[in-house]
Amino acid sequence: KAGVTQTPRYLIKTRGQQVTLSCSPISGHRSVSWYQQTPGQGLQFLFEYFSETQRNKGNFPGRFSGRQFSNSRSEMNVSTLELGDSALYLCASSRRDSTDTQYFGPGTRLTVL
Amino acid sequence: GQQVMQIPQYQHVQEGEDFTTYCNSSTTLSNIQWYKQRPGGHPVFLIQLVKSGEVKKQKRLTFQFGEAKKNSSLHITATQTTDVGTYFCARNTDKLIFGTGTRLQVFP
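So the sequence lines, in the order shown, correspond to chains S and U.
Quick note on numbering: the working numbering labels position 101 of the first sequence as 101, and the sequence is numbered without any gaps.
Converting from the second sequence to the working numbering requires adding 113 to each position, the first position being numbered 1.
Treat the hints with caution; some may be incorrect.
Said to hold, decoys possible - In silico DSSO-like links for lysine-lysine, alpha-carbon gap of 27 Å or less:
no., chain 1, residue 1, chain 2, residue 2
1, S, Lys57, U, Lys182
2, S, Lys1, U, Lys172
3, U, Lys149, S, Lys57
4, S, Lys57, U, Lys183
5, S, Lys1, U, Lys149
Since the hints were derived computationally from the structure, they do not count as laboratory data.
Bound conformation, chain S alone (with noise of 0.2 Å):
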C-alpha cells in the first residue's frame, strides 16, 4: 500500500498570504488528521476530518480551516499568514479516528517571510 503522502513537499510564502496544502491518506483510511510541528511548541494536533467532515479540533485560530473531500483526501488551508506559523504540517491517516494508530505523511515545510 502507498503511504500517505503530501504536497508541495515545501512552500515559502510572505505574511499575509494564505497557503493550501494537500494530504492524500492510505488507501482506506478515512480519517485524516493535521498536526503542525515547531522547535518551540512541539506537535500539535489541529483538526480531523472524517467522511467529510471536521470531527475534532485543536487550539488553533480560526485562520487555520481544512476539509475533506469523498475520496478522503484532505486540505489545509492558512490565511492571513504570519510568521509564527512557519512549521512542518504533518498529515496523518487512520481508519478510525484521531485516536487510533497515525501513518503520518512527509509533511510540508512551509517558511513563512
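Starting from the structure of chain S, add chain U where the hints point.
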C-alpha cells in the same frame, strides 16, 4: 492540563550504552502510544500500551506502562546509530496529545 511531559529533553549516548525516556501525565491515561521521528523525517508509530503495568518488547526496545497508568517509559538496550531520532509518547483523549519528545543522539 493535558500536556504530557517527557524527560529528558535531550540525551547523548555512546553507541552501546542504554537509553531511557520517561513520559509523565498528571491524569490517568486510557492508553499511550509511542512514535519515533528520525531527523528530517516524520513520526512513525512504534507501539501502543493499554493495560496497567503492561510491558512490551520490540527487539532492543522495551516499553512499559505504569501501574497507575500515569506514566510510561521506553528503554533501548545497547543503542545503535540507527536509534538516533526523537521519541514521542502520545496520550489518547478525543485526539492524540503528543509529549514534548526526547531527542536521542548516539555517538559511534
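Hints, one by one, checked against the model:
1. Lys57(S) - Lys182(U): holds (26 Å)
2. Lys1(S) - Lys172(U): holds (25 Å)
3. Lys149(U) - Lys57(S): holds (24 Å)
4. Lys57(S) - Lys183(U): Roughly 25 Å separates the two Cα atoms, so the pair holds.
5. Lys1(S) - Lys149(U): holds (21 Å)
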